[in-house]
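J.: In case you want the letters, here they are:
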Amino acid sequence: MSYWTSLGDAVQAAVKSGRIGDPVFVRCTAASAEESGHLTDILGELAGQTSRWFSGPAERVLARGGPDEGHLTAALEFPTGASAILSVCRAHGRPEVDIVVLGCRGAVYHRQALVLREGSSAHPHRIGATFLSAVRRSLATGQPVQP
Amino acid sequence: MKHAPIGLLLVAGRLTHQENYGRTFARDDRCRLVGLTDERGVGPERDRLNRELAADIGIPFLPVLEDALARPEVQAVCVCAEPERRGRILAECARAGKHIYIDKPMTPYLDTAREVVEAARRTGVFSQMFSLVTQPWARRAREVVHSGIIGNLVAVHADCLFAKGPSGTASLGRTRFQPYPPKGFTFVDSKPELYDIGVYAIGLALWLTGKTVKNVYGRTANYFFQEHQRNGVEDFGFLLLDLEGGVTATITGGRIGWSSHPAGGPSQVRLIGSRGSLAIDAYSPRIEVYGNEPPWQPPPVNPRDPMGMWSSTQREVDTRPKETWVTLPGDDSPHSDESCFLDCIFEGRKSEMDVERAAAITEAILAGYKSAATGEVVKLPL
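Those protein sequences? They're chains R and P, same order as listed.
In terms of our numbering, the first sequence has 59 at position 59, counting the first letter as 1, and numbering is strictly consecutive.
Position in the second sequence (first residue = 1) + 147 = our numbering.
What the hints contain is simulated information worked out from the structure, not anything from laboratory work.
Values in this document were obtained by computation on a predicted structure and should not be read as measured data.
Misleading hints may appear alongside valid ones.
[Claimed, not checked] To give an idea of the interface, some chain P residues facing chain R are shown, with a C-beta separation under 10 angstroms as derived from the structure: (1) Ile297; (2) Val301; (3) Ala302; (4) Ala310; (5) Gly315; (6) Ala317; (7) Asn362; (8) Ala368; (9) Tyr370; (10) Phe371; (11) Leu387; (12) Gly401; (13) Ser406; (14) His408.
[Said to hold, decoys possible] Now the stretches of chain R that chain P is said to cover, found in silico as 3 or more residues with beta-carbon under 8 angstroms: (15) 27-40; (16) 83-89; (17) 94-101.
Beta carbons are placed, not taken as given, at the ideal position from N, Cα and C, and that holds for glycine.
Chain R extracted, bound-state conformation (with noise of 0.2 angstroms):
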């Protein structure tokens, strides 16, 4: 099991549980790019991730960054009024996933340094087309956009 799976598996086991009420926000750093390539692939894995926990899509984002900058910074918000916001940059040797999910009456924290390539790629299967279009036209126009 990649360790993105495990980690959204565990974080859906825990939202689903009740413990820590509705979810409402995500604010996740993930440094494990392995190169300025993969933040697109990596952000779109933390966006699917995200819209399992808030069980449905994003209906507007609003990105900043890019390849070129190192880093990759989304706003995403939700039609049930949560939001997330999920950053990605380069891990430069030292890969690191910061996850924070605020639910109404509790949180989920996930801070892990990482080992080796673990986090550096996505899913390919998780990684939405509509969203990362969204994120590219967002990036372009610097306006918040419908995927």
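Given the structure of chain R, go ahead and fit chain P onto it with the hints provided.
T.: Just chain P now, kept in the frame of chain R:
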């Protein structure tokens, strides 16, 4: 060289952060507390709370601000009046030539912020708004930036979330309506938390980068508390800031509930550089201590302060400290923010969180509210 202590005046009393700042100043032998005062006509409840804190600290209560400011022995003022009144009092103090120590945020009104900046500039007084930038972990973050070990800074992500209040009561499932300009800053049972707590994270981002804000995108939400929802203020918010030089900053600010964190709540920055990245937080490095004592429990709700804002009201309900995380003592000796303000006065240097930076933070927050109201990216200056 030892200087004579400066005369310091306190404005506003109990159920403000003067409960903390006033006592800290009282312990510093570089200042002498002249008394506690406030504006005329503050109302019987505020008047009573002011007199109570003056008695608690053991200093005279001086009923009229302008008379107190006219005393020649007063050289500095610590102002903790409610947000709606704070800015105009600060401007009055600065115009009177008094150095000003300011509860955060400085003011929710941009014209008032500019008035304070202008008054301080004209009279040349020193000023400082309470912030996190004097804390050892924040100083470490800035050392990292200045050292160049992560290359050029391209992004900063800062979080300040308070693990306080009985959460789980907000009505979820809809996007919050954000009024602009925002309405209402003072309630017994809530505060607009992007304003009140987000100020710390914005302050860190601007101080760490030394950059000005070009554009702001913001959202506010009611995720945790029915009290905030009822009063029409947010319990959570985030901003995405475009800073000069192409640097991106994101910040979160909010109150997230007593049981949402093993300590006081997430308080951290992640620095993204062209050659590396680093996360630094208020609780690292730390040890974790576990024993067979009963687990920490949230305090009973104090109707005078359900969200745990003030020291005195939390003592009334015997709020226990969370003791699992114990931060390692560092080389940097604890140096309070108040003490740093006195350093600035005695050393004749500008504070790193002076009224100009405080005004820039007010503008960024207001732009965030405007963005949350319109759904658009807002350009500065407003």
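J.: Give a verdict on every hint.
T.: Now the hints, each set against the structure:
1. Ile297: Given a least distance of 8 angstroms, the restraint on isoleucine 297/P holds.
2. Val301: Given a least distance of 6 angstroms, the restraint on valine 301/P holds.
3. Ala302: This hint holds: alanine 302/P lies near chain R, its Cβ roughly 5 angstroms from the closest one there, short of 10 angstroms.
4. Ala310: 8 angstroms, holds
5. Gly315: 4 angstroms, holds
6. Ala317: 6 angstroms, holds
7. Asn362: Holds - the Cβ of asparagine 362/P comes within 10 angstroms of chain R, reaching about 8 angstroms at its closest.
8. Ala368: Holds, about 6 angstroms.
9. Tyr370: Status holds, d = 4 angstroms.
10. Phe371: Holds, about 6 angstroms.
11. Leu387: Cβ of leucine 387/P sits 5 angstroms from chain R, so the hint holds.
12. Gly401: Result: holds, 8 angstroms to nearest chain R Cβ.
13. Ser406: 6 angstroms, holds
14. His408: Since the shortest Cβ distance to chain R is 6 angstroms, the answer is holds.
15. 27-40: Result for this restraint: holds, n = 3.
16. 83-89: Satisfied; 4 residues make the cut.
17. 94-101: Result for this restraint: holds, n = 4.
This entry satisfies every hint, going by the numbered hints stated previously.
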